[in-house]
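Chemist: Take a look at the letters that make up each chain.
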Amino acid sequence: MQQQTETLKNVSISPKLVRDLRERVIEFLLFLAAFSSVATTIAIIVLLVYESVEFFGKVSLKEFLTDTQWSPLFADAHYGILPLVSGTLVTTTIALLVSVPMGTITAMYLSEFANPRLREVVKPFLELLAGIPTVVYGYFALLFVTPLLQTVLPDLPGFNMLSAGLVMGIMILPLVSSISEDAMRSVPLHIREGSYAMGATRLQTAWRVVYPSAISGIFAAYILGISRAVGETMIVAIAAGLQPNLTWNPMDEAATITAYIVQVSLGDLPYGSLEYQTIFAAGLTLVLMTLVFNIIGYFLSKRYREIY
Amino acid sequence: MVESNNKLQTLQPKAKVEQLNFYYGSTHVLKDVNMVVAKNVVTALIGPSGCGKTTLLRCFNRLHDLYPGNRYEGSILLDSAPTNILSRKVDPIELRMRIGMVFQRPNPFPKSIYENVAYGLRVRGISKQSIIDERVEQALQDAALWDEVKDRLKDMAFNLSGGQQQRLCIARALATNPELILFDEPTSALDPNATSSIEQLIGQLKQQVTILIVTHSMQQAARISDYTAFMYLGELVEFGATQSVFSSPKQERTADYVFGHIG
Amino acid sequence: MSGENLQELRANISWRKLLDAIFAIIGLLTILVAIITLLALIIRLAVDGTPRLSWQFFTSFPGRDPEEAGILSAWVGTSLVMLVTLVAAVPLGVASGIYLEEYAPKNWLSALIEVNVTNLAGVPSIIYGLLALGLFAEQLKLGESILTAGLTLALLVLPVVIVTTRESLRAIPNSIREAAYALGTTKWQMIWDHTLPYSMSGILTGVIIALARAIGETAPLITIGALTFIAFLPEPPIKSQFPFISFEWLQAPFTVMPIQMFNWVSRPEPEFQFNAAAAGVILIVMTLVMNGIAIYLRYRFRRGIKW
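Line by line, the protein sequences give chains D, L and U. Counting with the working numbering, you get residues 1 to 308 for the letters of the first sequence. Counting with the working numbering, you get residues 1001 to 1263 for the letters of the second sequence. Counting with the working numbering, you get residues 2001 to 2307 for the letters of the third sequence.
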């Protein structure tokens, strides 16, 4: 009996090996988890491209880019993406005209002028502003902002891009402001003191020294704001309407790329049908637009760094 | 102390510090400091870490005003004017336009070499291109940097070496024709070559501007300063001609520091 | 300094200080505009919606009659979807965060993963809906179900969980890790016994923020086919017979609160819009509470542990 146990002891697996094996398995599992983000990106690209290819098998690229009507669900179907692009661009521009200046001014004020107690009081409000669900913003835009605007602009229709754009701007403001503020606050103290020591005021220091020093972070904020505006769905779907309309007048009703996708999804979408594929073609356009803005922003920020 | 006072009296005072006390919150950082800074000489502030020398330096251009919780008591008088520059009636911005500062770590702005030097001028509303060109060149000459950068004034200041950046900061301070320049350990972040070129520069500059320099290196103080103030734990322990402070200090604590018994 | 010069100098300083003061006012006004807009929004929704809030509202299904419609199916749907989201996003996100922060070597692969995480944070939410539609609903045949919805939202909020996990882990000083190693622990033991527990409050904050975000999401769920008119509830997860737990509800069609609100706000009748406002009030309160908890936790986390 003793002999057997002794032989068994010699045969047992060393605990170190087990431990090492366990560690490596765990590490591999964690790696898989992290890799899932790469897998997600790949899946998005593959899916969008695949369905778009199917789409472009049935609709020519020329028609897609040049037709001035988008009406895929009608009997006389048109597949020109321009109306949706114009809707997206107009609402995004309005949103940026609101969020970029207001966000930058807010960030500059909080970073260079305000005392810490004021900052503590204001920041939760801004975070709350960013956290309100977009459907609620949509409600607000449709039922409060539009009637309000109609008192000064009597010809404003019930669905219009102006309200949607303005409300989007307020929604994006905290995003632009907090990232810009972080960028400005991380400019080292001795750079600021160098400016103050020369007799500059807070405004001069903030604008001539801190802002340029923080420019790459600030540009990142602007780019993120653009991406957010381009990708926004519910505010525009509720307040700007669902009618594709090739127009550059913000007081008109129009649909954005995102609003179209939502509108079509509300109905029946048989898998593999042309209607089903249109939303992926629209989605691909959206992603490409975001990509283009990101690239433009990246190059602009590089250029600004050189100027300063 | 009597000897050096006599010599001091024949020189013009640029600034007089009288019973200066400084509080950071409730901490008493500077205690009853009395000192005279003479015109067109280099005065050094030395002492171990935490003795208050940088705090004292920053009182001259009221940089402490930027942060809450600071309080001055006592006075600093400039030239023979009776106004205490530490009083609330005096505008710190105006003060900082008369007094320049060079910091421990070179801190050029993220701008071109030209724009860095021009900053002080632009900030006070001077916009005539010809005037700025002239002052920038003069300042860079005075800072012994002109020859090295005259062909690349539009280059970013960051591309300069550490020593060059510090000379740029000196030029930046000089461009506005200050009466007094405060140096806060200007060479502690530089290599020995850069250090000696800055020290040489300071020796030349004292003819046109009064210099007050904080240094952690006794040897540097001995090399470049005419007068030295030794501080310890917030008090000004001894002040006199550099030579006598280092060779025959009157106070025991000064002797301890100067001869290396304390650090 | 000559007297004349001094005059000019002082005039220039006064002018600059005036500009300074004007900007300070503009800054404050800008912030005020933002806050007033927020208040206007909350007040408007509260005025329109609170009268509709009642026990009946919470326990009725939506229907043709606005006064009898309620959000029962919506809030049940939201709760179930959030459950799936939590179960999917937290392990995946925390595991990713741990890998990136504690294990990942500095090579191109890790850089690729990091770039992807940052990228995905900026992808419009509706694209996630398209992904889910094509992948989960169609390819994996999961259909237009609660499971699909939960997975979609999990992917959407994953970057938030990953980033917060990383930040929480990063905040722990290396000396703690070294102390654990010095006692002979393995890497995973060190993480499981030390760094992970210490970063729990930070991770919790991130999870709450992620959930707050997910609750308000509408577009991706519409895309995967959440219906706007549901007059029934899915099978309950807990049953009274063996095996006591059912997973049928995962496959059920569903709706969620923001979609219900969208549906009501799209109707022309003003009575439906009061319902929409009521749903909106609930959503705002939920967001407020969750964000408030997160802010409070972050505040305590920052003050509590003094490294």
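There could be a bad hint or two in this list.
Listed next, the in silico EDC-like pairs over lysine to aspartate or glutamate satisfying Cα-Cα at most 16 Å (straight line) [stated by the list, open to error]:
hint: 1; chain 1: U; residue 1: Lys2187; chain 2: D; residue 2: Glu27
hint: 2; chain 1: U; residue 1: Lys2187; chain 2: D; residue 2: Glu23
hint: 3; chain 1: L; residue 1: Lys1039; chain 2: L; residue 2: Glu1252
Bear in mind the hints are in silico, worked out from the structure with no lab data behind them. All figures in this text were calculated on a predicted structure; none of them were measured in a lab.
Chemist: Decide, hint by hint, whether the structure agrees.
Modeler: Do the hints match the structure? See the list:
no. : hint                  : verdict
1   : U:Lys2187 / D:Glu27   : holds, 10 Å
2   : U:Lys2187 / D:Glu23   : holds, 7 Å
3   : L:Lys1039 / L:Glu1252 : violated, 29 Å
When each numbered hint is compared with the structure, a violation occurs for hint 3 only.
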